[in-house]
Amino acid sequence: DTAVSQTPKYLVTQMGNDKSIKCEQNLGHDTMYWYKQDSKKFLKIMFSYNNKELIINETVPNRFSPKSPDKAHLNLHINSLELGDSAVYFCASSVGSNYGYTFGSGTRLTVV
Amino acid sequence: QKEVEQNSGPLSVPEGAIASLNCTYSDRGSQSFFWYRQYSGKSPELIMSIYSNGDKEDGRFTAQLNKASQYVSLLIRDSQPSDSATYLCAVYGYNTDKLIFGTGTRLQVFP
Chain X
1 DTAVSQTPKY LVTQMGNDKS IKCEQNLGHD TMYWYKQDSK KFLKIMFSYN
51 NKELIINETV PNRFSPKSPD KAHLNLHINS LELGDSAVYF CASSVGSNYG
101 YTFGSGTRLT VV
Chain V
1 QKEVEQNSGP LSVPEGAIAS LNCTYSDRGS QSFFWYRQYS GKSPELIMSI
51 YSNGDKEDGR FTAQLNKASQ YVSLLIRDSQ PSDSATYLCA VYGYNTDKLI
101 FGTGTRLQVF P
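Protein sequence lines correspond, in order, to chains X and V. If you use the working numbering, the first sequence corresponds to residues 1 to 112, in order. If you use the working numbering, the second sequence corresponds to residues 1 to 111, in order.
Hints may contain errors.
To be verified - Mimicking DSS-like on lysine-lysine, the simulated pairs with C-alpha atoms at most 25 Å apart in a straight line are:
id, chain 1, residue 1, chain 2, residue 2
1, V, K2, X, K41
2, X, K19, X, K41
3, V, K42, X, K44
The hints are simulated quantities; they were obtained by calculation from the structure and are not laboratory data. Computed from a predicted model, the values in this text were never measured in an experiment.
Make the full structure from the sequences, and use the hints.
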């Protein structure tokens, strides 16, 4: 009965590969997000979508492309993976941007 | 200046003591303030939200907000070893429409 679920939980891949992370929420929230947490535990927003529409697109390399097929799903596709992309990626959802967010369990991406 | 600043710690307190965690923010237009708890290897979990000046209590947790000083704090009473985690302060600003996180304060509660 997970509220925000992400897959996969762990992802180990070689430089140059393309990978996707999937996120689904069953809370009925309108807004979904992708955050990146680096090795120093700093959580930085990457993207936000409201009802399938892109709202925030931070200064993220265009190798990262979010896709929201419906308001319950927000996937993240990463092309040409680099060593610096290694981090934990969290999906989150909320009723609105100024309300509390519910986070998924995270995807630990390791690029070797 | 960082948008949301926290002392990284670790803050070490004995079991049963009050733990006091502090956070300052730079955007005067900020309207909503949150505290998240993150255990090692886990996802952030919302524990408190506060929107107006003053104190807000929820069980052993009290959030305090002072918008004039751009300061928000979290008090944990009767600290337990299970409270040992990283506490993240997060601030939402209407101007930016983003929830900005601090780098977190690591709390250690020892028996």
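Against the structure, the hints:
1. V:K2 x X:K41: holds, 15 Å
2. X:K19 x X:K41: holds, 23 Å
3. V:K42 x X:K44: Cα-Cα ~16 Å, so holds.
Of the hints listed earlier, there is not a single one the structure fails to meet.
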